[in-house]
Amino acid sequence: MESNDILIMVMPNESGKVELELESIVIQQFGDVIEQVILDKVKEMNVEGITIKAQDKGALDYTIGARVETAIKRAM
Amino acid sequence: MQKLRRSMLFMPGNNPGMLQDAAILGADSIILDLEDAVSLSEKDSARILVREAIKTIDYSQVEVVVRVNPLDTDYGALDVEVIARVKPDTLMIPKANEQEIKLVDQMLNQIEIEEGYVPGSIKLIALIETALGLENVYNVIQASKRVVGVLLGAEDLTSDLGIERTKEGQEIFYARNKVANACRALKVDSIDTPFTDTFDCEGLAKDTTKAKSLGLTGKSAINPRQIEIIHSVFAPTEAELKHALRVLDAMEEAKKEGKGVCSLDGKMIDAPIINRANCTVDQCIRLGLISGEDGAR
Chain H
102 MESNDILIMV MPNESGKVEL ELESIVIQQF GDVIEQVILD KVKEMNVEGI TIKAQDKGAL
162 DYTIGARVET AIKRAM
Chain L
6 MQKLRRSMLF MPGNNPGMLQ DAAILGADSI ILDLEDAVSL SEKDSARILV REAIKTIDYS
66 QVEVVVRVNP LDTDYGALDV EVIARVKPDT LMIPKANEQE IKLVDQMLNQ IEIEEGYVPG
126 SIKLIALIET ALGLENVYNV IQASKRVVGV LLGAEDLTSD LGIERTKEGQ EIFYARNKVA
186 NACRALKVDS IDTPFTDTFD CEGLAKDTTK AKSLGLTGKS AINPRQIEII HSVFAPTEAE
246 LKHALRVLDA MEEAKKEGKG VCSLDGKMID APIINRANCT VDQCIRLGLI SGEDGAR
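Which chain is which? The protein sequence lines are H and L, in order.
For the first sequence, the numbering used here assigns the number 102 to the initial residue and increments by one for each residue that follows.
For the second sequence, the numbering used here assigns the number 6 to the initial residue and increments by one for each residue that follows.
Incorrect hints may appear among the rest.
What the hints assert, rightly or not - Quick partial rundown of chain L residues pointing at chain H, CB under 8 angstroms, derived from the structure:
| hint | residue |
| --- | --- |
| 1 | G22 |
| 2 | Q25 |
| 3 | I53 |
To be verified - What follows is a list of derived Cβ distance ranges for each label pair:
| hint | chain 1 | residue 1 | chain 2 | residue 2 | range |
| --- | --- | --- | --- | --- | --- |
| 4 | L | E140 | H | E120 | 35 to 45 angstroms |
| 5 | L | S218 | H | E103 | 36 to 46 angstroms |
| 6 | H | E145 | L | T78 | 26 to 36 angstroms |
| 7 | L | D26 | H | S116 | 39 to 49 angstroms |
Unchecked claim - Covered stretches of chain H (chain L as the covering partner; in silico rule of three or more C-beta atoms under 8 angstroms from a C-beta of chain L):
| hint | segment |
| --- | --- |
| 8 | 121-129 |
| 9 | 155-166 |
| 10 | 170-177 |
Rather than coming from a laboratory, the hints here were simulated on the basis of the structure.
Backbone N, C-alpha and C fix where the C-beta goes; we use that ideal spot for every residue, glycine too.
From just these sequences and the hints, can you work out the full model?
Dropping the structure here:
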């Protein structure tokens, strides 16, 4: 994976909640923002009961949203 | 004023870093590529990423062109459907023929109504890269009023012809002439095929000069380092500008004196020379080399 990108893996869970595990090279500076962008996209797509693993290499918001959308659509 | 398309830079559609930088690389147009630069397994992710990039990134004065997949694949129609809704300036249609241009035109008509966009505002560039497409280029351009240019794709064309693609480009002499002439006849831009050796600057300059001399109006690029060279070839020289201004001055003088024709440096000035001078001055104004007032005659 190149810089400016983010790898998203999604899987169903039994809790019915959205669970997120984030690794990022900028977690100290932007961890909260990245998490929020991911959660916003999940909410926008009306998905629940999902575990998300994200490995970020400095992606901007538009890339994060696009990658989350792709991963969820592929999983559906 | 019509946009310049001296250079059109291909950018892979699934690379966020490149999509972010595309606007600042100096090209007149950027082509966000969903076709050859994207593997089959990533067509969906590239389509979504390009859609989000267009929605988010300020590409400013740079023309945003998206090369969709061919309409006869599983991806082409979906590319048009998804990308057109975020209103790129232009879609590039690969292996273009009349039927596909008409089909995309109809799809865009519907999308523009649904989204409230100005009818006809999304333009098309036809990518001519088959022997059939080349022979039919005039009709391909006429297939829709949205078509603002043609890009000659020499790699696929020579593959279709079963001939070798060389650096010298003798094998595409006919194709360049055919595209340049059809585009000039119908007043749309003609964009030359990319020069694929990105380290050979001298070769690029020669190849671009050759394309310009045959009447092509711009050239595509596959690396940002090619842009400056392409622009330098397509910019009118100072001598060309000076001569054009003198031609227009002489014509004005003749008009004042009530003469139908005039001469400059012993040579008669007729309509084609005046037309060429006007084109040169117009291009210099668009490039910002002179002001509109300087060019007004």
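Now the hints, each set against the structure:
The interface hint given for G22 (chain L) is met, as the beta carbon of that residue sits about 4 angstroms from the closest beta carbon of chain H, less than 8 angstroms. Taking 8 angstroms as the C-beta contact cut-off toward chain H, the hint placing Q25 (chain L) at the interface holds, the least distance being around 7 angstroms. For I53 (chain L), the interface hint holds, since its Cβ comes within 8 angstroms of a Cβ in chain H; the closest pair sits about 5 angstroms apart. A C-beta distance of roughly 59 angstroms is found between E140 (chain L) and E120 (chain H), which places it outside the suggested range of 35 to 45 angstroms.
Checked against the hint of 36 to 46 angstroms, the pair S218 (chain L) and E103 (chain H) passes, with Cβ atoms roughly 39 angstroms apart. Checking the proposed 26 to 36 angstroms range against E145 (chain H) and T78 (chain L) shows it holds: the Cβ atoms sit about 29 angstroms from each other. With their beta carbons about 40 angstroms apart, D26 (chain L) and S116 (chain H) fall inside the hinted range of 39 to 49 angstroms. Only when three residues or more bring their CB closer than 8 angstroms to a CB of chain L does the claim for the segment 121-129 of chain H stand; here the count is 0, and the claim is violated.
A count of 6 residues in the segment 155-166 of chain H with a Cβ less than 8 angstroms from any Cβ of chain L is obtained; the coverage claim is therefore met, three being the minimum. For the segment 170-177 of chain H, the proposed coverage by chain L is satisfied: 4 residues have a C-beta within less than 8 angstroms of a C-beta in that chain, meeting the threshold of three.
In the structure shown, a violation is registered for the earlier hints numbered 4, 8, in ascending order.
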